[in-house]
Amino acid sequence: MKASLSVEFESFLALALGEGAPDSPQVAPQGELFGPEPRSPGAQGCDLGFDPGGAVRELRAISPRLLDLVVKTWMSEEGLVDELRLVIQETRSRGSCFLEDYSNRAVRSLSSARARVDREIDRFTGLARFSPRRDGLYAAIIESDHNILSALMPRFALRFGATPYAIVDMGRLLAAERRAGRTSLREGEEVLSLLPGGGADEARDLWRRYFGIIGNPGRASPLLRRRLMPERYWKYLSEMGGGAEPGP
Amino acid sequence: MPLQRKPYACIVLGMELGEKLEILAASARCDASFASSGSDRRPRSGGIGAGAPSGVCHSFSGDGRCISLLKVLYSNACRNDCAYCANRASSDIVRTSFSVDELVRLTLDFYRRNYIEGLFLSSGIFSDPDIVMERLIEVARVLRVEAGFGGYIHLKAIPGAGERLLRLAGLYADRLSINIELPTAASLVRLAPEKSGAEILGAMRAMGDAESEHTRDSRRIRHTPNFAPAGQSTQLIVGASPESDRTIILLASSLYRRYALRRVYYSAFMPVAPDPRLPAAAAPPLLREHRLYQCDWLLRFYGFKAEELVQEADGNFPTDVDPKVAWALAHRDFFPLDVNSAHLGELLRVPGIGLRGARRIVATRRQVSLGPAELGKLGIVMKKARWFLSAGGRPLCAPPEEQSLRLLLAEGPREVPGASKPGPGRTVESQMEFAFP
Ligand code: SF4
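So the protein lines, in turn, are chains A and B.
Each residue of the first sequence is one higher than the one before, starting from 0 at the first, in numbering that gives the first Met the number 0.
Each residue of the second sequence is one higher than the one before, starting from 0 at the first, in numbering that gives the first Met the number 0.
Keep in mind that the hints were calculated from the coordinates and are not lab data.
Please note that a few of the clues may not be correct.
Stretches of chain A that chain B covers, calculated by requiring three or more beta carbons in the stretch to come under 8 Å of a beta carbon on chain B [as the list claims (entries may be wrong)]:
| id | region |
| --- | --- |
| 1 | 99 to 109 |
| 2 | 147 to 158 |
If you want a taste of the chain A side facing chain B, the calculated C-beta under 10 Å gives, among others [to be verified]:
| id | residue |
| --- | --- |
| 3 | Phe11 |
| 4 | Leu79 |
| 5 | Cys96 |
| 6 | Ser192 |
| 7 | Gly196 |
| 8 | Trp206 |
| 9 | Gly217 |
| 10 | Ser220 |
| 11 | Leu223 |
| 12 | Arg225 |
Covered stretches of chain A (in silico footprint by chain B; criterion: 3 or more residues with CB under 8 Å from a CB of chain B, positions within the stretch not fixed) [claimed, not checked]:
| id | region |
| --- | --- |
| 13 | 63 to 76 |
| 14 | 121 to 129 |
| 15 | 228 to 239 |
Glycine included, C-beta positions come from ideal geometry on N, C-alpha and C.
Whenever a hint applies, use it, and build me the whole structure from the sequences.
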């Protein structure tokens, strides 16, 4: 099990808090990125005196919205560390209502980044396509603008119940797999072992036929569809001619 | 005069599943309802699926509508002869039916692949209404009880089905709906002679009563089962009959009030077969449909009343400006509003200020005093709002006389969206803010 997502997040958190990055911490990836529990300070393995679990708790105590802003800014991969540092400082001193001061440039930049990330999470909540594999795993491939894997995984936990599922972010070569209630991460070439297989899939063919008929020809509006579902998302959508949604 | 009927019940046997799916999906597509929001149902232990309270769009069809549910008819055989419907008894079309097992399998297979949030199931009236309703309920029961399915189920109430069955349907469904279709009893008699307005409203009342009872019971009894947690909806066809926008929107408003409906859908009429009872074939009135959705949004979220929204003498919304701008132009004395003191309800009446913008104004002005520079940063559409706002006792822009202002606020040529225009991926109802500011 790799720790890269948590490590990256902790480094980002340390920078945003002005603490300097932790030094190669040996951490487990469970925690803020895959569940509500903050990691215990004892698990951090960081020798710069930075306690990510404590930082997360502090941010949450100031305001859950502030913590959300920090996590989503990290997911956005847009940098914005200076803006985040300023917003954290101001929120610490002026209270969480500062997060609603949209006349402040930093608040606006971070709110926009968060909105972009939320939109991307929402998009893939609808557009991730899972294919069953022979081993019973349902796997989906995504290529997202932002690093949303850790936010996306929990969205499917109730959909699949006890059925194992995985999401592979091909752009970042990151993957997460959920089995028996536990989520684990893979990265690099290891993600390839979670890819859907190839082959016939009757349900996928039926879906294509359904999709082909459900639009009302009297109101056809390809431009509107393109605006609502931009072409860059079509790659893994079999109904849009995406060829890369393999079957079992 | 109604066309001569052909037999409606010649169901083709032995049809393969894909063919049935195409026929029964095409038969269902004139129903505008698409939402999968409003339910946070959890799966039973060992089951799969859950409600997504704000709904999810899984794709967009060629007409730009959100695809959220597997929307099909159980059967397209129908003994009624509604003039506007492709499935009417006199239509010369192939008739077929799903089996319960086929529908259950399709729903689960599509759901696991993340193609859909659940099932929308309606049916032609191929037999006694109770029998048709029982088939729909059986599909929902097998999904819920035998497959442990926690995803979304929208069931149509069949006009004429008994109240006991409607109450049973609500125990399995997240949403129930019955389409009123035509806005007056006279049009119903002319275009859908077998339907009865009293029967449709009676079903709405029965479902509303059952919902209220369940809400009351659940306050006292912890394990009261859910009853249609996403409420009920209906649909009105626009342009098949001569009623004005005012008639339609007054009816919608009264349905919201009297039966606590969650949604009224408006569907631009599209002729399916020539019929002397219908207007001559023309392009579907999409702009009219769009204006009705905008107005509906103002009723439900902006605090407007139906009576104040249609000003035009002919009872229809103007085509050049949206209903909120039309109201503002007709109420110049209400403006300008001071952006630093107007309350939320007042701000929501300003063209260019949407729900989110109004909330942002109220939150931000607690920190700083607002002027034009700050407003532009809050996502307010200043080119509309500036004519209606003041700050520090001075109007942001001195408004010109009404006709010039109307020209300034008129909408340019645009693609008129269909009934559904949620942003990609996410949800449906919460993103209808598209229409305003
Ligand atoms: S009852 Fe329903 S399916 Fe039958 S003709 Fe009327 S609208 Fe169509």
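Status of each hint after checking the structure:
Coverage of the region 99 to 109 of chain A by chain B holds [criterion: at least 3 residues with CB-CB distance below 8 Å; count 5]. Coverage of the region 147 to 158 of chain A by chain B holds. Counting CB-CB distances below 8 Å, 3 residues qualify, and the rule asks for three or more. Hint status for Phe11/A relative to chain B: violated, with the closest Cβ pair at about 25 Å, above 10 Å. Restraint check, Leu79/A versus chain B: the minimum CB separation of about 17 Å is more than 10 Å; hint violated.
The beta carbon of Cys96/A comes within 6 Å of a beta carbon in chain B, closer than 10 Å, and the hint placing it at the interface holds. A cut of 10 Å between beta carbons decides the hint on Ser192/A: the least distance to chain B is about 21 Å, and the hint is violated. Against a cut-off of 10 Å between C-beta atoms, the interface hint on Gly196/A is violated, since the closest Cβ of chain B lies about 14 Å away. For the restraint placing Trp206/A at the interface with chain B, the shortest Cβ-Cβ distance is roughly 5 Å, inside the 10 Å limit, so the hint holds.
Among the interface hints, the one on Gly217/A holds; its C-beta lies about 4 Å from the nearest C-beta in chain B, closer than the 10 Å criterion. A least Cβ separation of about 4 Å between Ser220/A and chain B falls short of the 10 Å threshold, and the interface hint therefore holds. The restraint placing Leu223/A at the interface with chain B holds, with a minimum CB-CB distance near 3 Å, inside the 10 Å limit. The interface hint given for Arg225/A is met, as the beta carbon of that residue sits about 9 Å from the closest beta carbon of chain B, less than 10 Å.
Coverage of the region 63 to 76 of chain A by chain B is violated [criterion: at least 3 residues with CB-CB distance below 8 Å; count 0]. Counting residues of the region 121 to 129 of chain A whose CB lies closer than 8 Å to any CB of chain B gives 9, so the stated coverage by that chain holds, three being the minimum. Look at the region 228 to 239 of chain A against chain B: 6 of its residues bring a Cβ nearer than 8 Å to a Cβ of that chain, three or more, so the hint holds.
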